[in-house]
Amino acid sequence: MLRMGLTRIVPDVTLRQRGRSVEMGSHAAVGSITSCTKYCEGGAVAMRAVRQSTGVLVLLLLTDGLFGCGGGVSEAGTMLAGVVTDVDGKRVAGAAVSCSGKQSTSLSNGAFALSGVRRGIQTVVASITINGRRWSGETRVDIASGENNRSVNVVVSDERYHARLTGVVIDGAGYPLSGAKVFVGGPWGSTLGVTDSYGNYEIRRLTPNVTYTVTCSLAGYINDTKTVHLTERDDAYLSFALSYGSDQGSLPAPQEASAMAWTISGTVTRSASSRPAYVEWLQRHYRVRKGLPANPRTVLNTAAETSRATPQGSAIEVDLFWKYQYWD
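In the numbering used here, each residue carries its 1-based index in the sequence shown increased by 1349.
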């Protein structure tokens, strides 16, 4: 929509940028110069309208890139990669994965990659037919332009039993919060939902019979975390009221910080196992050569130099944990 606060209608407006045109339709205009913003699913585009003596309203694009209401700008240098699993963490091969019009198929280790995806908040859907039944899952991801966006885990389950989680996010005064992110954390990754302009969110295709940790977050506000157990075909409602954060005073350092990382190679293997035996053998061989225990519980090894990634890249997920305390 165009938000202008203007009065007179000027028809047949065309936006031209880099030799391409986008028809805007009729809209209001008044005075010699005004400003407007076009809001699309993928973000906002600021424009300045210049009233000319011929009665033509010329819109000058103030941001880089041609916009569209399809959900952001597609760029060849932007990639999305991740893994498709079931609720038990087993890799799912042959799943069809789609995002912003791009499609791919998961490899034997469950890994997938999509290139040229649109930037902004996008929905990633994975689906596959197993024993004649349709399995699927979805999540949303905030795509950074021109970057390799990795670590997107999509958990698929039988569509007959999918659960759904909805709710509203408000501030301390009861006003809805737009753009708040709701993370539904499961055993093998989290599913993301984003609130609309009314503060509502919806997260679909959730695997049932799982207790989820749900965290709501928005810049400038204190996170709120709750738990919810979803049963088969459940339609649960979970809302959040976020308190304003403060930049006054000093914050204590995180206590008992720890991290856990998983790296999934994009290389196809011929092993039917989700963790082939040769991988364990290579790990033990590498540790022995480095003078480390062959099967340690914890290994601390400071890298002397930056290591190289695999030629085709790897899907890497790092979970951080720490204890914190609230400040009034």
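Worth flagging that the hints you see were computed from the coordinates, not collected in a lab. Any given hint might turn out to be false.
Unchecked claim - DSS-like cross-link-like pairs, simulated, lysine-lysine; straight-line CA separation at most 25 angstroms:
hint: 1; residue 1: K1672; residue 2: K1575
hint: 2; residue 1: K1672; residue 2: K1530
hint: 3; residue 1: K1575; residue 2: K1530
hint: 4; residue 1: K1530; residue 2: K1451
As the list claims (entries may be wrong) - DEER-style ranges, computed between Cβ atoms:
hint: 5; residue 1: T1478; residue 2: N1558; range: 53 to 63 angstroms
hint: 6; residue 1: A1522; residue 2: T1562; range: 23 to 33 angstroms
hint: 7; residue 1: N1480; residue 2: E1605; range: 16 to 26 angstroms
hint: 8; residue 1: G1594; residue 2: N1558; range: 27 to 37 angstroms
hint: 9; residue 1: G1569; residue 2: D1507; range: 20 to 30 angstroms
hint: 10; residue 1: V1637; residue 2: K1575; range: 24 to 34 angstroms
hint: 11; residue 1: S1592; residue 2: G1534; range: 14 to 24 angstroms
hint: 12; residue 1: S1599; residue 2: R1482; range: 50 to 60 angstroms
hint: 13; residue 1: S1599; residue 2: E1551; range: 16 to 26 angstroms
hint: 14; residue 1: N1572; residue 2: T1454; range: 27 to 37 angstroms
We put the beta carbon where it would ideally sit given N, CA and C, even for glycine.
Each hint tested on the structure:
1. K1672 <-> K1575: holds (16 angstroms)
2. K1672 <-> K1530: holds (21 angstroms)
3. K1575 <-> K1530: holds (14 angstroms)
4. K1530 <-> K1451: With a Cα-Cα distance of about 24 angstroms, the restraint between K1530 and K1451 holds, given a limit of 25 angstroms.
5. T1478 <-> N1558: 53 to 63 angstroms: violated (22 angstroms)
6. A1522 <-> T1562: 23 to 33 angstroms: holds (27 angstroms)
7. N1480 <-> E1605: 16 to 26 angstroms: For N1480 and E1605 the Cβ distance comes to about 44 angstroms; the hint is violated.
8. G1594 <-> N1558: 27 to 37 angstroms: holds (35 angstroms)
9. G1569 <-> D1507: 20 to 30 angstroms: For D1507 against G1569, whose Cβ atoms are near 40 angstroms apart, the range 20 to 30 angstroms is violated.
10. V1637 <-> K1575: 24 to 34 angstroms: violated (46 angstroms)
11. S1592 <-> G1534: 14 to 24 angstroms: Because 21 angstroms falls inside the window, the suggested range holds.
12. S1599 <-> R1482: 50 to 60 angstroms: About 55 angstroms separates the Cβ atoms of S1599 and R1482, which means 50 to 60 angstroms holds.
13. S1599 <-> E1551: 16 to 26 angstroms: With Cβ atoms ~39 angstroms apart, the hint is violated.
14. N1572 <-> T1454: 27 to 37 angstroms: holds (36 angstroms)
In this structure, the earlier hints numbered 5, 7, 9, 10 and 13 are contradicted, and the remaining ones agree with it.
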